[in-house]
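2 protein chains.
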Amino acid sequence: VKEFTVNPVGIIRSPFVKKDDAPIQGAFVPDTVGQVELFSEFAEGLKDIEGFSHLILLYRFDRAGEVELVRPTFLDDVPHGIFATRHPCRPNGIGLTVVRLLGREENVLTVSGIDVLDKTPLIDIKPYVPRFDAHPEAASGWFAGKEPRPKPTGRE
Amino acid sequence: VKEFTVNPVGIIRSPFVKKDDAPIQGAFVPDTVGQVELFSEFAEGLKDIEGFSHLILLYRFDRAGEVELVRPTFLDDVPHGIFATRHPCRPNGIGLTVVRLLGREENVLTVSGIDVLDKTPLIDIKPYVPRFDAHPEAASGWFAGKEPRPKPTGRE
Chain A
1 VKEFTVNPVG IIRSPFVKKD DAPIQGAFVP DTVGQVELFS EFAEGLKDIE
51 GFSHLILLYR FDRAGEVELV RPTFLDDVPH GIFATRHPCR PNGIGLTVVR
101 LLGREENVLT VSGIDVLDKT PLIDIKPYVP RFDAHPEAAS GWFAGKEPRP
151 KPTGRE
Chain B
1 VKEFTVNPVG IIRSPFVKKD DAPIQGAFVP DTVGQVELFS EFAEGLKDIE
51 GFSHLILLYR FDRAGEVELV RPTFLDDVPH GIFATRHPCR PNGIGLTVVR
101 LLGREENVLT VSGIDVLDKT PLIDIKPYVP RFDAHPEAAS GWFAGKEPRP
151 KPTGRE
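Quick mapping for you: the protein sequence lines, in order, are chains A and B.
Under this note's numbering, read the first sequence as residues 1 to 156, first letter to last.
Under this note's numbering, read the second sequence as residues 1 to 156, first letter to last.
Chain A extracted, bound-state conformation (with noise of 0.2 Å):
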């Protein structure tokens, strides 16, 4: 199994310059806009966008720390694997978020619920299909009650 390279395809601009600013998930901040702008060579590939409400975003973590593969998260004290959270200190640093897509002027989108930070390289924007992507029943593991709150400071 092989290493690959990833090119970033465009730059993702939000209000959250410092760590500290952004928040643990895009769904806290339901009302945060920021732009996704892709670059220019790769602008064709938006055709048809308009049509979907949500998009799937991967991007790159790219100030993320140390990978730790067990760790306390934002949202709790008790350390979980890393495939168990949403952690950006991961293998790979991958990044996911689904926002809501609120207009397209040419090669640059407009959503809500942006949870990154600002000049996060994009990967890739995936249209979020219900049919996929909607599983209200999931079963949510330590997340269940786990309510927003200050981020803990030094975890990154």
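Honestly, I wouldn't trust all of these hints.
Stated by the list, open to error - Now the stretches of chain A that chain B is said to cover, found in silico as 3 or more residues with beta-carbon under 8 Å:
#	stretch
1	20-28
2	44-52
3	81-93
4	119-133
In case anyone wonders, no lab produced these hints; they're calculated from the structure.
Heads up, the beta-carbon is just placed ideally off N, CA and C, and yes, glycines get one too.
Model the placement of chain B on the given structure of chain A, informed by the hints.
Positioned in the frame of chain A, the structure of chain B alone reads:
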């Protein structure tokens, strides 16, 4: 915005050996069972994953063809922008599927609803959290009303 290297963390086993065998989406084959095998050095990162009923898998489309930014898809003969589709031939070649977690034995997860080719490189596992990820009301764009059909030939 810099490129970076991805090193797979495991391998996905499925009944689909040839491209023509693989379904268009896992949601169309909810009963298909496969295994997600994490390389043993990452096994510790699975702690507490059993509490989740659904997982998001990120994987490498390692047998996809050339990227075309606007193209017909498996479900539609009308061309769409690649970022408005889930087609494998996309910039950075990263796929996403939501699967149901059936069980775990050490570093191997058994899942259902798998749609990838056998021996697909695994990039990441994320817990599916309905509060973040379930948007049953989302608009499906051009997917609306499209039904599963045999894959058109020559469409990768």
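**Item:** Hints violated by the structure (numbers, ascending)
**Value:** When the structure is compared with the hints, none of them turns out to be violated.
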